[in-house]
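Asks: Bring the two chains, given one by one in their own frames, into a single complex with the hints.
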Amino acid sequence: MNPCPEYAALLDLYADGELTAEETARVADHLTRCPGCAAYVDDILAIRAAFPDVEDTPVPEDFSRRVMEAVAAHPRTAPKKRTPWLRAALPLAACLAVAILLQSGTLQRLIPAGAGSGSDAAPSAGTAMTESSAAADTNGAADTSDGAAAEESAPLPRLSNDADGAAPEETAPAEVPEVTAEKAPEEAEASEAPAAQDGAAGPQLFTAAAAPADLTLTAREAGTLLEGYVLVSETDAQLLYQLTAPEYAALLAALDDAGIAWTGPAPDTAETFLVAVTP
Amino acid sequence: MIQEAQWIDKARQGDQEAFAHLVQLYEKRVLALTIRMCRDREDAAEAAQEAFLAAWQGLPFFRGEAQFSTWLYRLASNACVDLLRREGRHRSAAGPSLDDADARLDAPDPAPSPQEAAERRELREQVAAGLEQLTPEHRQVLVLREIHQLSYDEIAQVLSLDVGTVKSRISRGRRQLRKILVESGNFSAVAASKDTGKEGCT
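Same order as they appear, the protein sequences are chains A and H. Count the first sequence with this note's numbering and you get residues 1 to 279, in order. Count the second sequence with this note's numbering and you get residues 1 to 202, in order.
Chain H extracted, bound-state conformation (with noise of 0.2 Å):
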């Protein structure tokens, strides 16, 4: 932390090699947004190339107030909205376009056993496959949730939202994926409560 807030502090002043780290350090984060934002890996890319050069243009007003992750992801957010604006592609009602099966067949494996891995990699798919139905605002919010770990508070920074929006969409959002992952029929963890037409407790 100490040696990004140096590479902030340098990036700010103008130093490209300091936000050279700065880019090498958060590519994957935004890239994790804009491609669940864009759900296309061409847009996505651009997205997060607009959302780093608008904060290297924008640096000289970042004042850290809030995070510089934080204030990150809205810029990528941002370039998120405003390239789908732009180019008209809202994919709203798209079939899955993202390359998931790619990412995963890259990604390590830490499962101990080939039958935990199988396990572990369908549960994948069909959040993955889950989250790609939900709408663009469940989705966001989810994302950075889930993926960012970002607190309630961040999230609405993030988006210019109210905090009690956020509890809103994630909470909806939530309902909506396990809803789907239900009525897939083999998500196990979920099938213990598939029983939907009764109360929890009377």
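This is chain A alone, in the form it adopts within the complex (with noise of 0.2 Å):
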């Protein structure tokens, strides 16, 4: 017999624990008076009885020593944190290029008319030039050392002649956006190779200094999951951590623990990912 259809919902539910003390009772009493439902409940009960038990599971001889020797080839990544000293010298960096870009007056000229005194443009180009010293450190911090990417920072105009031939795979600065100041975004982006080729020849003011992360996770939903963990880049717009593919996955699992939708790709699919965090 079949389960009747009003029940027939209830009863996997019932027999795995999985309603509550009210609906228990209600399906039990129905088991009581109806067999089509009652057989059902039995024939899930009896298959379980009859499912493999974990403790027969065959474990290959030697299986825990083959883990652990893979363990021991395999050490976990050493926590890189950014040095202090790197700390304080990229906004040394922004700032010694803000006031490159004043002395030589082509910050007044990316400043539109009106926009406001001195002390409105300042932060702005602040903002602006901090991001574009992060996206050099990430170009250079992604395969030298903390060291180098402190040095790549501080030329700042050069990034975009710089991104093209010297990029490193992982994190192609050549695909980051680029928007000039003096440009609508359509025209950037059209005139974007371009400059990149020929060395445009003025300092470029980046507004929007996208870093090609493989996933994005606000702080709110990062949380301390990425603390300890090797810091390409930062500004005021994001964090970008680069990951191994096992602590890829192990993040993503995290945050799949914590109910954190996420979009991003398999971890099988690289060596390395780029995580960024955006406040």
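Source of the hints: derived by calculation from the structure; they are not laboratory data. Just so you know, not all the hints are guaranteed correct.
Coverage of chain A stretches by chain H, computed from C-beta distances (three or more under 8 Å per stretch; other residues unrestricted) [claimed, not checked]:
#	region
1	55-68
2	245-256
3	259-271
Sample of chain A residues with no beta-carbon within 12 Å of chain H, all distances over it, derived [what the hints assert, rightly or not]:
#	residue
4	Ala28
5	Leu96
6	Pro212
7	Thr278
The structure presented is a predicted model; accordingly, all values stated were derived computationally and were not measured. Built from N, CA and C at the ideal position, the CB exists for glycine as well.
Replies: Spelled out as structure tokens, the structure:
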């Protein structure tokens, strides 16, 4: 006999202990009067009793030893934090760049007339340059030491020139949208490639230095998940971390645990992944 | 559980000896899952090893919001999916290749009499064979439910599904398995309800 339609949807939940006490009592009462539903539950329980046990699972000889050999051969990535001097160097580099621009008069040319007083303009430019500074840092830190990253951050205007040739594959800074303050986004996009190739003479101001992250999380979503991992760039707009594939897989699992939806590539699609954390 | 928590904490800090204890504690449970997802002993062992390696690498991310076992099963499930996808070894249409018979021979038999032992063994063989005929999605949820005894919420966490999908898959998987056993004709508990053409109550 088949279970009756009214209770069919509840029988698996009943057998699995997934009903409330009230629902459980209602189904149990029904089972005393309905042979079809009672037979289905009996079948579920009989099948359950005949399921293989975990203890029956064959374990390959020396399995745990082989796992531990693999663990020893793949030491956990040592958490690398940005060194204090580098934390100080980046804002200094940004300030220096702003000072150079101010001195050369470039910044004044870039700021539209009527944009306000100098006190308004300075933070705006500072933010933009910090972003470009960090983009340069990303460029360098991905495949070099922390120190190299700091050195690269100083000559800010050269980023768009360097991006074409010196870009490590993982970060692909050539793909970073480069939008000049003088151009509308559409125009900037259209002229991006020639600018990079020609080594456009003037310094460029980045207003939307979005990093090519594989996965982007808000700070609230990320919580403390990424603390202690390789920070490859840091701006007001985002922190960018580089994770190995196992680290990235574990991060995705942790996000799932926390019920946080994410959109990103599968862990087996690359050796390393860039994860951005935005405010 | 307290000791397990200590091992997790130490392993998170880099203690390989503590992690080795976790491997030994969970190896059968992880292999029970990967064997039935990969349906090949070598693939299952490879996926299980990858899952433990991912657990070791990812322990700093583990914040204890889910149980360690649930987290580990998810890594195992992901490792199986990755392995099958990477090597193009989708075997849903393949015949049984799992060495269940060997496993059963090695298994302790708690039945008090030879006749009961034989009946129990026969039921297990039928269920194991029936499981092999299910789709991977249905087999996966039933293994997590019946072998690992996870709740619907936990299965949803492991497989990154919503609970409604888990309910649906468990119900459909069971009905399919039951139908297979009914059609096999000699599963006594199911035989009592063989008259599948009638509703149970009117």
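Asks: Give a verdict on every hint.
Replies: Comparing the hints with the structure gives:
no.: 1; hint: 55-68; result: holds (count 11)
no.: 2; hint: 245-256; result: holds (count 8)
no.: 3; hint: 259-271; result: holds (count 3)
no.: 4; hint: Ala28; result: holds (15 Å)
no.: 5; hint: Leu96; result: holds (36 Å)
no.: 6; hint: Pro212; result: holds (22 Å)
no.: 7; hint: Thr278; result: holds (19 Å)
Consistency with the previously given hints is maintained throughout, with no hint failing.
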